[in-house]
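2 protein chains.
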Amino acid sequence: MYYIGIDLGGTNIAVGLVDEEGKIIKKDSTPTRTEREYPEIVKDMAMLSLKVIKDAGVDLKDVKSIGIGSPGTPDEKNGILVYANNLRFYNVPLRAEMQKYIDLPVYIGNDANVAALAESVAGAAKGLQNSVTITLGTGVGGGVVINGKVYSGFNSAASEPGHMTIVVDGEQCTCGRKGCWEAYASATALIRETRKAAKEHPESLVNKLVDGDLSKIDAKTAFDASRQGDKIGQQLVDQYIKYLAEGLANMVNLFMPEVIVIGGGVCKEGEYLLAPLRKMVRERVYTQEIPLPDIKVAQMGNDAGIVGAAMLGKD
Amino acid sequence: MYYIGIDLGGTNIAVGLVDEEGKIIKKDSTPTRTEREYPEIVKDMAMLSLKVIKDAGVDLKDVKSIGIGSPGTPDEKNGILVYANNLRFYNVPLRAEMQKYIDLPVYIGNDANVAALAESVAGAAKGLQNSVTITLGTGVGGGVVINGKVYSGFNSAASEPGHMTIVVDGEQCTCGRKGCWEAYASATALIRETRKAAKEHPESLVNKLVDGDLSKIDAKTAFDASRQGDKIGQQLVDQYIKYLAEGLANMVNLFMPEVIVIGGGVCKEGEYLLAPLRKMVRERVYTQEIPLPDIKVAQMGNDAGIVGAAMLGKD
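Residue numbers (this note's numbering), protein chains in the order written: chain A, 1 to 315; chain B, 1 to 315.
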């Protein structure tokens, strides 16, 4: 059997036909154009799904289900997207709307959760029953897989590790709370701290790497400076890894998954990030006398959304 | 069918015969006497189990299993207690040792986890599939029930919410880490802060309530002073509830259980604790637009260990 996975994003709708192993057979995409009302957007999702199935030369009756991953909070049971601010979707009946066009079971899930499922089925956590996937981007996204299934709590609104406070009364978070992990471990946070340091230390390599133009600072800047021996760069990297480790150690103490998968652009730093990170996480776990989770880099990249959404329908 | 539940503590071994609904039919206890080697202690556990079954007038063939809850970290799969410092147990083969005396399946679990299972089967979370139980005592214990079963991760060492850092570089925790929730929300932490305040403010009611003898301060002292309008007492209570709320909100954002159950002596403060706590937790949850978990007080009291251990064997 095959599965349709739809990655519904604020910019593009990506649709893929996925096999039992989580491999994409055929994929396609179209702009979301969020200025439109939801019936038009969902119609595009359905039409593109039918096109992808046709292009793959697969019969519709060999497709088992449709899965949709999107930002925001889904009502998984009723197939309703309760809200997704950047899509301007509020209580959108995604399942019912899709089924106007295609008579298949429709599953919905949060994008960070389906990314975790993708890593679990076909990526860095392949073959493992329990894993946690953390994505370090604009925010800190997270998904938990337990017994091979996404864990999302009673209201399908879990898990949001990015909004776990690690510093009471700390940095302001976009969610309204203070001191969330996201406010320290996201790429956004690293950029914020790098800009602050560049302003305070105009003599530093951090500043020189962007020719004094702080708007050019990105999540690589501090790492680049640190690799070249810059003291400020190194402090920034040390501090970033420390906060990242604090949150990861919390996830270990809470979930004890077989593996923690981390994704997002900052993971391109490879062992320069991972080696100290593994050490710092281990030091912060409450016990040292038993096997502990490994930390691995995500493998699914941009396909995570399609594959994870598709796998929502797999038994 | 019936189930034997054994609450193996540092002071006493409590054994109960429990029915399908989690009700104790018969119970008994004997001192643990941890100065002894484990074969003697386990023999006592077995003999007391047989006695309880006999005293209850139940036939051994109507007993389905034996469950043992203990402090420390179990290897649930192999029935080995990997370590429990206060019992001086290291890699003790509890299952094999018990089965020398009684030919029944033997399950083992961490005491905080079985307490959570007890609340789930017969207590404040009865009838709910997903719950989190937090016990505020010397430390902060925690257990997570998912789909009616204890969640303990791949190594049976989860979940330890008490060792989730909420203040990076904060108060020293007994686990070696800094800023753990336990170092702010345990009864021990509240007593520490109350003593500190009493010392700094000898004029406060906190100080008068113990006749200036700081060793008499317990987890009630700050609440008693606060109820009587003492400013220092109120500050202590406000601060305690805030840190408690920060950790509980993390648990909500991470697990979204149907209910969070809180136990331990401090819960005797009732609505004086719970009303502000519910409000502060809610404010800290990342979303307000969906149903959120309720917070309830634990109901199982001292029976939690027996009932939860017994229910480890229930399908």
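Quick caveat, the hints were computed from the structure, so don't treat them as lab data. Where hints are given, some of them may not hold.
Computed spacing ranges between beta-carbons, pair by pair [said to hold, decoys possible]:
| # | chain 1 | residue 1 | chain 2 | residue 2 | range |
| --- | --- | --- | --- | --- | --- |
| 1 | A | Gly127 | B | Gln299 | 37 to 43 angstroms |
| 2 | A | Glu271 | B | Gly270 | 32 to 38 angstroms |
| 3 | B | Leu274 | A | Asn91 | 28 to 34 angstroms |
| 4 | B | Glu171 | A | Pro93 | 31 to 37 angstroms |
| 5 | B | Lys100 | A | Lys23 | 37 to 43 angstroms |
| 6 | A | Gly301 | B | Arg36 | 53 to 59 angstroms |
| 7 | A | Gly301 | B | Glu200 | 54 to 60 angstroms |
| 8 | B | Gly176 | A | Pro276 | 54 to 60 angstroms |
| 9 | A | Glu289 | B | Glu40 | 48 to 54 angstroms |
Yeah, the Cβ is synthetic: ideal placement off N, Cα and C, and Gly gets one too.
Against the structure, the hints:
1. Checking the proposed 37 to 43 angstroms range against Gly127 of chain A and Gln299 of chain B shows it holds: the Cβ atoms sit about 41 angstroms from each other.
2. About 53 angstroms separates the C-beta atoms of Glu271 of chain A and Gly270 of chain B, a value inconsistent with the hinted range of 32 to 38 angstroms.
3. Separation of Leu274 of chain B from Asn91 of chain A is about 31 angstroms and conforms to the stated range, judged on CB atoms against 28 to 34 angstroms.
4. About 48 angstroms separates the C-beta atoms of Glu171 of chain B and Pro93 of chain A, a value inconsistent with the hinted range of 31 to 37 angstroms.
5. One distance hint, 37 to 43 angstroms for the beta-carbon pair Lys100 of chain B and Lys23 of chain A, is violated here, with the actual separation near 51 angstroms.
6. Checked against the hint of 53 to 59 angstroms, the pair Gly301 of chain A and Arg36 of chain B passes, with Cβ atoms roughly 57 angstroms apart.
7. Here the CB-CB span from Gly301 of chain A to Glu200 of chain B is close to 55 angstroms, well matched to the stated 54 to 60 angstroms.
8. The supplied range of 54 to 60 angstroms is broken by Gly176 of chain B and Pro276 of chain A, whose beta-carbon atoms lie about 18 angstroms from each other.
9. Distance hint check: the CB atoms of Glu289 of chain A and Glu40 of chain B are about 24 angstroms apart, inconsistent with the given range 48 to 54 angstroms.
Comparing the model with each numbered hint stated earlier shows that hints 2, 4, 5, 8 and 9 do not hold.
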